[in-house]
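**Student:** Please build the complex by placing chain U on the supplied structure of chain F, with the hints as guidance.
Single-letter residue listing:
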Amino acid sequence: MPKIEVNERAFFDLVGKRYTDPAALEELLPAAKAELDEWKPGEGKDDERTIKIELNDTNRPDLWSTGGLARQLRVYLGGKIPDYPFFSRKGALREPPKDLRVIVDPNLKGIRPYITAFLISGKPITDAVLRDVIQTQEKLCWNYGRKRKSIAMGVYRAELIKFPIHYVAADPDATSFVPLGMTRKLSLRNILKEHPKGIEFGSIVAGLPRFPYIHDDDGETVSFPPVINSDRIGGVKVGDSRLFVEITGTDLPTLNIACNIVACDFADSGYEITPVRIEYPYDTAHGRSVVTPYYFQEPVSAELPYVHKILGDKLTMDETVSALNRMADRTEVKGDTVTVFPGEYRNDFLHAADIVEDVAMGRGLESFKPQAPRDFTIGRITPLESLSRKAKSIMVGLGFQEMIYNYLGSRKDYIERMNLDGKDAVQISNPMSENFEFVRNSILPSLLASEAESGRATYPHHIFEVGKVCYKNDEENYGVSTRGAIGWLSAVRDANYNLAASQFNSLMYFLGREYSVVACEDPRFIHGRTAAVMYSGRRIGLFGEVDPAVLSNWNITMPCIAGEVEIEALL
Amino acid sequence: MDIRGIVKGLHPLEVRVLRRYRRGSPITAESIMKDLEYKLGQCNQVFSWLQAKGLVVEKTRRTKTAYELTELGKEYVEKGSPEERIMKLLGDKGPLSIRDITDRLGLENKDVGSAFGILSKEGALGMDGEKRVTILDAAKAARLSVTRRIFELAASSGIVDEDALSEMEKGVVAGIAKKRGAGTAPFRVVERDEVVYELEAGVDDIRAELETEGITGEEAGAVTPEMLETGSWKTSSFRAYNIDLPPGRLIPGRRNAYAEFLENTKDKLVSLGFEEFDGSLVETEFWNCDALFMPQFHAARDIHDVYSVKSPEKAKFIEEPYLSAVARVHEDGGDTGSRGWQYGFDREFTKRLILRSQGTVMSARTLPKARVPGRYFGMLRCFRYDKVDATHLSDFYQTEGIVLGEEVNLRTLLGFLEMFAVEVAGATEVKYVPGYFPFTEPSVEVHIKHPVLGWFELGGSGIFRPEVSKTLGVDCPVLAWGIGIDRMALMALGLNDLRELFSNDIESVRMRRAKGN
Chain F
1 MPKIEVNERA FFDLVGKRYT DPAALEELLP AAKAELDEWK PGEGKDDERT
51 IKIELNDTNR PDLWSTGGLA RQLRVYLGGK IPDYPFFSRK GALREPPKDL
101 RVIVDPNLKG IRPYITAFLI SGKPITDAVL RDVIQTQEKL CWNYGRKRKS
151 IAMGVYRAEL IKFPIHYVAA DPDATSFVPL GMTRKLSLRN ILKEHPKGIE
201 FGSIVAGLPR FPYIHDDDGE TVSFPPVINS DRIGGVKVGD SRLFVEITGT
251 DLPTLNIACN IVACDFADSG YEITPVRIEY PYDTAHGRSV VTPYYFQEPV
301 SAELPYVHKI LGDKLTMDET VSALNRMADR TEVKGDTVTV FPGEYRNDFL
351 HAADIVEDVA MGRGLESFKP QAPRDFTIGR ITPLESLSRK AKSIMVGLGF
401 QEMIYNYLGS RKDYIERMNL DGKDAVQISN PMSENFEFVR NSILPSLLAS
451 EAESGRATYP HHIFEVGKVC YKNDEENYGV STRGAIGWLS AVRDANYNLA
501 ASQFNSLMYF LGREYSVVAC EDPRFIHGRT AAVMYSGRRI GLFGEVDPAV
551 LSNWNITMPC IAGEVEIEAL L
Chain U
1 MDIRGIVKGL HPLEVRVLRR YRRGSPITAE SIMKDLEYKL GQCNQVFSWL
51 QAKGLVVEKT RRTKTAYELT ELGKEYVEKG SPEERIMKLL GDKGPLSIRD
101 ITDRLGLENK DVGSAFGILS KEGALGMDGE KRVTILDAAK AARLSVTRRI
151 FELAASSGIV DEDALSEMEK GVVAGIAKKR GAGTAPFRVV ERDEVVYELE
201 AGVDDIRAEL ETEGITGEEA GAVTPEMLET GSWKTSSFRA YNIDLPPGRL
251 IPGRRNAYAE FLENTKDKLV SLGFEEFDGS LVETEFWNCD ALFMPQFHAA
301 RDIHDVYSVK SPEKAKFIEE PYLSAVARVH EDGGDTGSRG WQYGFDREFT
351 KRLILRSQGT VMSARTLPKA RVPGRYFGML RCFRYDKVDA THLSDFYQTE
401 GIVLGEEVNL RTLLGFLEMF AVEVAGATEV KYVPGYFPFT EPSVEVHIKH
451 PVLGWFELGG SGIFRPEVSK TLGVDCPVLA WGIGIDRMAL MALGLNDLRE
501 LFSNDIESVR MRRAKGN
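Protein chains in written order, with the numbering used here: chain F, 1 to 571; chain U, 1 to 517.
Don't take each hint at face value.
Looking from chain F toward chain U, a few residues come up when the C-beta cut is under 10 Å (computed) [as the list claims (entries may be wrong)]:
{"hint": "1", "residue": "I111"}
{"hint": "2", "residue": "D216"}
{"hint": "3", "residue": "F376"}
{"hint": "4", "residue": "V439"}
{"hint": "5", "residue": "T458"}
These are computed hints drawn from the structure, not numbers from a lab. All values derive from a computational prediction rather than experimental measurement. Cβ coordinates follow ideal geometry from the N, Cα and C atoms, glycine included.
Okay, chain F solo, but in the shape it has when bound:
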């Protein structure tokens, strides 16, 4: 969930209303699926204070900036739906000045094929705007652009650029420039090794034959996307009044959305947007010659009866339309059908259901009266849950304390300390730490870990758990079985096989299940003091005296008996 910081004065200027009470702002934010994270209205000056806001809708990147969030709230509070005349559309391209072009190299096709761009001008960049555009860039490229993999954005000092711009696939060794934050030239390949951003993002391009590279018409470096900008042209400062913005990437709709979001944000803040023509030597969804920012969204329609069915309230068409307009959705009505033309910055209308949600939000959730269900259904727990509960009550009667454990653990605990080879254990390939690298294949290590940590608890210890275990099983589609199991352990001075057998026998007697035992060898238990449990001709578990070698692995100094059976097998 992205979290953003907005400058208080700039934000409220754009919202068109000043708030002083956090509670009042908290009331408003749900209209953008946002939550107030931190705001201290009392401290310092309003143009120095920031408001931290968390955005819950990962499909609405337009809300992850001061301008975008403010736009949603401004319209919700009654503001006009904004108009952005600089957009090109299918069959209606804007005509940028002749030189404002990006010429794309054919070799980029399999590398990083798309680029969008525009120019910002009209007034100098302030500190707040600069901070906000850097934040927008981060949020868009990180959260929405999958850590710059699908989109990366750069902002430049347009004064220093000689247009047209060339987006090329460059030789990583023969191309070099001074990257942002450095004073010497490095080849593209060396940037991956030596520049912090190269180390962070290098893996996106490292395996490519040629690297994406942007230079101006004089051959001056603009950027090495998605890694780092040129130190000279990319060093944007407060006071600059002409900025060039480009976004490169692999997925055209994602790229267009990001481009449109940034352009609309600057336009809302009173800047002038000048489109840029992109000339592709290959086909794209929008043709070979595209002018960006580009409105590519398709209208989506909903029938009024569908709106009624999903919301449960019979709204009139007028109510429906005014709710949608409040959400900044442009609409067109034909009979029972309402058509939404999504905002330039949105790409989350996939289905009529998306219109219905905007109707609900625009009208306000509080306007819908909760209705008790009228259908009759029968509730029940699973047979496994039912049998588990029976087993638990027997174990409690036998003097056992019920435990409940985590299912992830370390190789050391689940395998090594149990004297097992771990062949059937399910391992995680991307563990957060080696402490949580395996799914448990038995309850026994959980119980022993408890005993190992509880040497100071008054003895005797009788503990058990009913829970899940997971192990490899080639007979299943997933190659893995999850089973409900019961495991128990007694740590007492005179723990011995006979007690273990009596405990298990009581459990099975009261569960009403006939079983037999056969001698078995298991590295976790003392040889000759272990019984495998047979039920319906199948081995379903075992119990016995825990091997002193295992106890010593756990640093346990009290003799233990323990057992485990798949309770699911008793169903």
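**Tutor:** Relative to chain F, chain U alone:
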């Protein structure tokens, strides 16, 4: 002095002492042992209790020496010492070789040797011409009768006071007693303090109270089966217990408070007409995300950072027709009325095995076989790629469910949420705000006010996108909801660290209990 209070707290052993003795007369352990037939341990106990209550005072203390029979000494008392036995044997049988003596008495060579050594030195025994031991002068062994007398004195109690011995006896016993390492000597030297106590002022009042109350210290401690069988209880009175003492601890078999909380919540959902579902901990990308219409290459996937299974890496297959239907809905919306996500669905990636990251997996899996109308829920262990701390666990429970029906809609969704808030969480106020989940539209978050715990987020919900429900064979609207059960549990159990819910610590689990009913 709180006479009644003291009397109430007196042990029978104390009562009998207080009633037996008067102020001014000396009391010793010895006298109590004689008068009241207490054991030495009981004497020491009663003195320490009475002293703590200020009812007796120590008058004098002196160290006394006593001789205690060792295991060897006890054997000598019974069978006679080697010396005695040799004298007797020779008296009966006449001269014998050392070898003969050893064999006949079953003694060790060295014991016979050392006994012969002492007795011959005293002139009682000698060796004749045939190297046989013979009695020279039995009277020279008179020392043996002194030893025997000391043995007799010690025989009954196992110990004899030095005071009880004559000067001659003292000399003899000193020769056969050792202070330490007494294994080879018949006596061990024991030094102990003889303490003389006297009753303190105030005991007269206490005695008077005891007499008034008729407390003798002879009251029975417990009702025994014998008393019941013989009827002797009729003539017994029972000693009063001090009910103000803190009770002793029992360690019962017990349910786990958190597991019980989960079960109670299940029962509440069952009472609201929900049927439970359950499933595999290992899932596929398909069911975990793809079936829930989360695009394979979209940021929405990042909010569910998942654990991948190392081996096997993939499921053998994904069930049809769902694989094809889901692939299509991602690509172009299929027949759901959606435009889809407009990308090429990866049919290999979707088979990737992961640890279930959200309970909604099982809601999706339930859809194809669900009844209409139908209500289903699961309390499912889920796994997240999170750093474990007080608010995050790598595995935890999610409670999720679905409601299918021709007439379910946003208003019935709110109706269900209100039911959960009141029935499951005990809320007094409910607030709904728009939420976001990739698989529901519209989506609603529920915040509730609990009378004790205040406002908190109860959970999230929504109506399944048609891209989810229709693709899995359900044409009617489906409400989907989830409750943050672990957070509710923390509050119910008065904890503030999620790790505590799954605690390994037996003691803290034993003592834990839930608030309320």
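**Student:** Each of the hints needs a verdict: does it hold here or not?
**Tutor:** Hints versus structure:
no. : hint : verdict
1   : I111 : violated (17 Å)
2   : D216 : violated (32 Å)
3   : F376 : holds (7 Å)
4   : V439 : holds (6 Å)
5   : T458 : holds (6 Å)
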